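Working from the sequences, and respecting the hints, build out all of it.
Respectively, the protein sequence lines represent chains H and D.
Residue 131 in numbering that gives the first Met the number 0 sits at position 132 of the first sequence; the count goes up by one each step and never skips.
Residue 48 in numbering that gives the first Met the number 0 sits at position 49 of the second sequence; the count goes up by one each step and never skips.
Hints were generated in silico from the structure; no laboratory data involved.
Model, not experiment: these values are computed from the prediction.
Ideal Cβ positions, reconstructed from N, Cα and C, are used throughout, including at glycine.
Check each hint, because a few of them may be wrong.
[Unchecked claim] Here are a few chain H residues that face chain D, going by a calculated C-beta distance under 10 Å:
#1 67
#2 146
#3 290
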Amino acid sequence: MDQRTEAFLAHVQDGGVVEAGDWMPDEYRARLRKFVEMHANSELMGVLPERDWILRAPTLQRKLALTAKIQDEVGHAQLLYRVVEDLGKPREACLDDLIAGRSKFHNVFHYPTRTWGDVGVIAWLVDAAAIISQKALLKCSYAPYARIMRKICWEESFHILHGRDVILTLVTGTDAQRELVQEALDRWWEPLMMFHGNPIPADEDPMVHWRIKSQANEDARQQFLEGYVPQVWELGLTLPDPKLRRSDDGVWSYSEPDWEKLMAVVSGHGPASAERLAFRRLSRAEVDWVSRTVLAEAA
Amino acid sequence: MIYEVFRRERQGAAMQHAGSIAAPDGRFAEIYAREQYGRRGESEALWLVAREAIEELDEFVDEFDLKYRRVDGYSIKERLKEARAAAGKNP
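So this is what it looks like as structure tokens:
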């Protein structure tokens with residue numbers, strides 16, 4: 000490691016921050032860019048499972064709330080792609096890589112949404128899991144990313160409430176509505192347990208090393224379990240893991256997720272990966288004339 | 000085009016940098032900025048500035064140690080004590 004890189008590393012490890020125009024080592028820039036790009040992709044792909052339910056939302060109020068949430072997520076994608084652009088990769092290249100399957104997006108967006116129960120579980124628990132990671136990113140050494148996270152976290156807070164409201168309506172409804180939630184929860188539990196990634200120790204995680212991330216994967220998962228399992232149980236719902244249990248010292252134990260399956264899912268082999276990417280390709284092709292017209296007019 | 004967006008959160012507050020948007024021209028920039036930084040009533044005014052119009056200055060070297068411009072350039076405690084003592088002797 001050369002002297003300049005060493006000084007940079009010491010700076011970020013000591014809590015120092017980096018701005019877009021500052022010098023940064025190639026490895027830092029590459030890792031950061033890939034990470035933020037995956038985050039942006041996830042926001043963009045994450046609206047597709049919910050989009051399926053705009054037309055089928057049970058009430059006008061729900062339809063409007065869901066649409067507002069989707070607008071928020073697309074807005075987050077826009078903000079994050081801006082961060083990526085300033086790190087040197089154009090948005091067009093990000094979208095090309097995304098639809099060609101060359102870049103990744105979060106595991107939870109590779110699964111189908113079968114019922115309205117899924118919409119509740121996603122807005123409540125997937126967003127809860129995401130907010131835990133996102134809050135930790137407020138401390139990211141790359142200041143433009145950390146600043147955008149403040150706005151994102153602020154907007155996300157209503158999503159969890161919206162999800163909880165959907166769930167509470169269903170569990171206080173008919174037996175069939177309650178069953179809808181339980182069935183969705185049973186399907187979503189595995190991807191939720193995979194969400195924060197394999198339990199790589201913080202001191203072996205290069206993302207923590209460069210202080211792009213400041214939270215170990217397992218810490219995030221423990222925080223999720225501690226915060227949300229009791230909330231699930233208090234509604235009389237069950238979770239499909241017989242090993243799930245909180246020990247006296249506050250640590251949750253659970254059945255080890257299949258990490259190879261997680262790798263397969265995020266590399267495009269999830270149950271809905273192909274369909275989602277095909278849809279994104281289709282909409283890109285369909286709106287291509289709009290961007291060409293707009294850019295020609297502006298030029 | 001990249002536009003830097005500044006927002007005023009409430010009347011009397013300073014404009015603060017909010018983020019940036021990419022837009023093909025000013026008309027689109029206005030629409031995007033309204034949606035991105037104003038749709039929840041979180042701003043009472045926005046400034047849009049083309050990024051290329053911004054001139055950044057980021058080096059502030061104090062080569063001549065101009066401490067007399069600052070509060071920490073003055074240490075009056077000891078001399079005040081001295082002055083008070085002198086005043087006590089000459090009422």
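message: Hints numbered earlier in the text: which of these fail when held up against the supplied structure?
response: Of the numbered hints, all hold.
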